[in-house]
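Engineer: Each chain, written out:
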Amino acid sequence: MSPILSVRNLSRSFGAIKAVDDVSFDLAKGELLALIGPNGAGKSTCFNMLMGQLKPSSGTVQLLGKNIAGMQPRKIWRMGVGRTFQITATYASMTVVENVQMALMSFHRKLYSLTTFAHTLYRDEALSLLDTVGMVDQAERHCAVLAYGDLKRLELAVALAHDPILLLMDEPTAGMAPRERIALMQLTADILDAKGVSVLFTEHDMDVVFSHAHRIMVLNRGQLIANGSVDEIRNNPQVQEVYLGGGTLFNAVQEDAHA
Amino acid sequence: MGLFIAQILTGLANAGALFMVASGLSLIFGVTRVVNFAHGSFYMLGAYVGYSLMQVLPGMVGFWGAILLAGIIVGLIGVIVEICVLRPVYSAPELFQLVATFGVILVIQDLVLMIWGPQDLLGPRAPGLKGVIRIMGEPVPQYDIALIVITPFVAFALWYLITKTRVGTLVRAATQDREMVSALGVNQAWLFTGVFFLGCALAGLGGALQLPKGGADLLMDFTILGSVFVVVVIGGMGSLPGAYLAAVIISVLNVFGVTYAPQSTLVLMFVVMVVVLMFRPFGLLGKEEVAGEHGQVGEPERPIKPAGNRIRLLVAAGLVILGLLPLYSGNFAVVLVTDILIFCLFAASLHFMLGQGGLVSFGHAAFFGGGAYAAALFVTYADTPMELALVLAPICAGLAAIIIGWVCLRSTGVYFAMLTLAFGQLLWSLAFQWGDVTGGDDGLVNIWPSDWASDNSVYYYIAFFLCTGGILLLRQAAHAPFGYAMRAARDSARQAEAMGINTKRVQLVAFTFAGIMAGLAGGLFVFSKGSIFPNELETARSFDALIVVFLGGVKTLSGGWVGAAFFEGIKDYLTRFEYWRLALGLSIIIVVILGPEGIVGSLRKAGERFGLLKVPEDAK
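These protein sequence lines map, in sequence, to chains A and D. Residue numbering for the first sequence follows my numbering, starting at 12 and increasing by one per position. Residue numbering for the second sequence follows my numbering, starting at 49 and increasing by one per position.
Extracted from the complex, chain A is given alone in its bound form (with noise of 0.2 Å):
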């Protein structure tokens, strides 16, 4: 099977600085693919390009065989592809299920209408994608009191609303509590596996990509170092040396969450 997304030789450079040096991967159909590397490894540089606010200095972004390199957010969100901030962006002013409804409005194309209220539009569809994230009870709360893990949801049930086949996720757990983390990428890992979403997310704790990636990359100084499942990944000594600097962290770590 062709794969949803195809990277091939991806660079960008600042300066004399190669932040992503020649990155290529391939992402399949369903898949929950991880990007990880250490501060400065180049993650955000490459989700930067492949989401469209950065253009790449040479290489292509192929979705579903269409080269979306160096186009605008907007074109490649109608393209199919969704999308998480590490910093979450809410609308602040609206209340929770007015933020889905943005994003309904906007599939809908109905962004320039004069004559219909808006608060009506699209409502059941945007109850119904909160009810998925759990965040139904929350729909008419004002956006700017919920908590961070709200907003997160919140997030995830925008991203859902044009029924992506891509959702690009800019570690999805930031600045959340260690057990929020698990129970978001769980709840995020089982919607996407019902709708059979692609992912490809960054993440800095290893609890969270360890237990849900399918698949890891490994990122450092611009370039890709390994590309394999869990455990390749876990045992690799190159990875290991560039990430922690030896030992076996990894498997404390993980015995760690299972206590």
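Residues from chain D that keep clear of chain A, each with C-beta distances beyond 12 Å, as calculated:
no. : residue
1   : L159
2   : F201
3   : T213
4   : G216
5   : D265
6   : Y308
7   : D387
8   : Y627
Counterexamples of contact, computed for chain D against chain A with all Cβ distances above 12 Å:
no. : residue
9   : A205
10  : F270
11  : R624
Computed footprint of chain A on chain D, listed as stretches where at least three residues anywhere in the stretch have a Cβ under 8 Å from a Cβ of chain A:
no. : region
12  : 525-533
13  : 550-562
It should be emphasised that the hints constitute simulated quantities derived from the structure, not laboratory data. What you are looking at is a predicted structure, and each value in this text was computed from that prediction instead of being measured. Built from N, CA and C at the ideal position, the CB exists for glycine as well.
Chain D: place on chain A using the hints.
Structural biologist: Only chain D this time, still in chain A's reference frame:
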């Protein structure tokens, strides 16, 4: 050749005062994030204070001493303003500080009028520098040469202060991240006050220095403000070398403009600015201003809901009462309410793009005055009947808004605001200087309604239907998907773009829509007055709208028209007093400090406290 050099020298000399005022503004903005509208007023104060000091201090030492002293005194006045007016509102949304500084403008205007009287003052000439020297046969005033020499020294001293001293390091650090600076133990309050002193002293110095060239008058605050904004925008906000460069460019250009194209001096300045910004959206030497995602300070705006049946009934009843006005009241009330309605539509259009879209325009009068001029020009030159002119006015204003919006929306935040101000000034200078067509200062007169509508009551109905219709349409737009898209673009442009919303296009459409409505108000205005003068395009007119929007309440849906109705209503009463500006200015400052939620917001608060309105669950 001689003339050419002489002109360059004059331009360089004029650049001095402009640079000082602009660098002060830039400095204050960099550190405190306050766009100090009162900066022109401090410049004016510098001129007046300097003039008085020169009367008492004799000789050469007295003259230069007076200039220095004027700078220091104005700086101290700035300190008082900073402590009394700005300190209480630093935590309020940035735009409130703007409104507060506008209150300061009004207060200073009337205080200067009180102390120095209405007549223009002729500046004394500098002792020892009264003559001219001849350069290639052309006379150049000695004082100009002195200014050309002094300015780089001031610029250098400033540059040294900012880049080489500890104070300068603090100032630069605060420009980048003021929370961090205060977390590191720097007394932020006094740093702000110190910078305010320096900025205002520079403005005062500039005002005193130009005395021998231009004297002192009561209009110089707004006159310089436009040029200063242009200089700061062209040079790049926060860049001293940029401010100097831009001041020289603008001043030299002005001198040449006066010689070769006297009809277009003012226009020229803005054209240069637009061209510069097309290629460098953040000025020649400026860096991008990051407005920050946490641009919303203070209480977050509440979600909106269309009015329930009870409110709708209330509005309908109000409209009926208003609609029957000509039946139960006299001519005076009918004319007054016509004015109020027109101003309400104008303010509501600004409120729409400012409140829903977060687009702060300092030049909204361009569309109000633009629509009015369009209608007046059609009537004057093409004998267009009123009915058609009232259609053409909003169309022309809308077309202008598309062009102006397209250019301005390339920038964001304070650059956007300054660009709109500059375009407002551009249209004003067009109307003012293109006398052959627009009548210049004499305006266009005899623009009366068609015969059937010439009666005040009939015209009242026209204004009533178009204005209330416009306001209701704006309100409907706020509740429609389009209004939501505007808020999405404002709340988080990042998320909006990531969900397929073309934020720039949404904003351009909003800008145009607001322009159309302002143009309609302008068209109605010109037929109700029978004439139009350039002052309807003035920056002061834009500020009128801005102020009523803020005082009415930005974060409410009705703030625009309520504020407008209230202020247009009391203005009639207030302007009977001699020093009404002082009173208005003080009340603006007090409202900003005490009731930053505006009239509607405060009423809502009060209503909730006394149980008349239901408090939303999340607002408790």
